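Trainee: Sequence:
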Amino acid sequence: MSNLQQTPSAQPPVLPTTGLSKWPQIKPFLPIGRETWRKLGLEGKAPRAIKLSETCAVYKNSDVLRWIADPLNYTEDVA
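Per our numbering, residue 47 is the first one in the sequence shown, and the count goes up by one each step.
Just to be clear, a hint being listed does not mean it is correct.
Distance windows between CB atoms, simulated [to be verified]:
(1) Ala56 to Asn119: 10 to 20 Å
(2) Glu89 to Ala56: 14 to 24 Å
(3) Arg84 to Leu61: 16 to 26 Å
(4) Glu81 to Leu118: 33 to 43 Å
(5) Ser99 to Asn119: 10 to 20 Å
(6) Ile114 to Gln57: 16 to 26 Å
(7) Glu122 to Ala56: 18 to 28 Å
(8) Lys91 to Leu66: 28 to 38 Å
(9) Thr82 to Leu61: 14 to 24 Å
No farther apart than 25 Å at their CA atoms in a straight line, the calculated lysine-lysine pairs in the PhoX-like style are these [claimed, not checked]:
(10) Lys106 to Lys85
(11) Lys68 to Lys85
(12) Lys91 to Lys68
(13) Lys85 to Lys73
(14) Lys68 to Lys97
(15) Lys73 to Lys106
(16) Lys91 to Lys106
(17) Lys106 to Lys68
(18) Lys85 to Lys97
Hints in this document: simulated from the structure, not taken from any laboratory.
These figures come from a predicted structure and were not determined experimentally.
No residue lacks a Cβ here, since even glycine has one placed at the ideal position from N, Cα and C.
Kindly generate the complete structure, drawing on both the sequences and the hints.
Mentor: Take a look at the structure:
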């Protein structure tokens, strides 16, 4: 018998379908950098940041997932 312990393989990151996430949480899912993401948000071509304070911004997970599904045709929801 071998004394080797099997460690579970690392689970890939998962972005929840609801809720809010900060940049470090959505970064693994995006093929672009933070500044490009910010600029696309200002142009309405990506989800806009929701400012919680001067130094804290979050993004709606549902909007981020919608952008990931179709980045070229993403448009902001007009509410």
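Trainee: Hints first: check each against the structure and report whether it holds.
Mentor: How the hints compare with the structure:
1. Ala56 to Asn119: 10 to 20 Å: 33 Å, violated
2. Glu89 to Ala56: 14 to 24 Å: 35 Å, violated
3. Arg84 to Leu61: 16 to 26 Å: Since the Cβ atoms of arginine 84 and leucine 61 sit about 18 Å apart, the hinted range of 16 to 26 Å holds.
4. Glu81 to Leu118: 33 to 43 Å: Given about 20 Å between the Cβ atoms, the range is violated.
5. Ser99 to Asn119: 10 to 20 Å: 32 Å, violated
6. Ile114 to Gln57: 16 to 26 Å: The hinted range 16 to 26 Å holds for isoleucine 114 and glutamine 57, with Cβ atoms some 19 Å apart.
7. Glu122 to Ala56: 18 to 28 Å: 34 Å, violated
8. Lys91 to Leu66: 28 to 38 Å: With a Cβ separation near 20 Å, lysine 91 and leucine 66 fall outside 28 to 38 Å, so the hint is violated.
9. Thr82 to Leu61: 14 to 24 Å: 19 Å, holds
10. Lys106 to Lys85: 17 Å, holds
11. Lys68 to Lys85: 16 Å, holds
12. Lys91 to Lys68: Holds: lysine 91 and lysine 68 sit about 18 Å apart, inside 25 Å.
13. Lys85 to Lys73: Since the Cα atoms of lysine 85 and lysine 73 sit roughly 15 Å apart, the hinted pair holds (cutoff 25 Å).
14. Lys68 to Lys97: Distance of about 10 Å is within 25 Å: holds.
15. Lys73 to Lys106: 13 Å, holds
16. Lys91 to Lys106: 14 Å, holds
17. Lys106 to Lys68: 9 Å, holds
18. Lys85 to Lys97: Within the cut-off at roughly 15 Å; holds.
Against the hints set out earlier in the document, violations occur for numbers 1, 2, 4, 5, 7 and 8.
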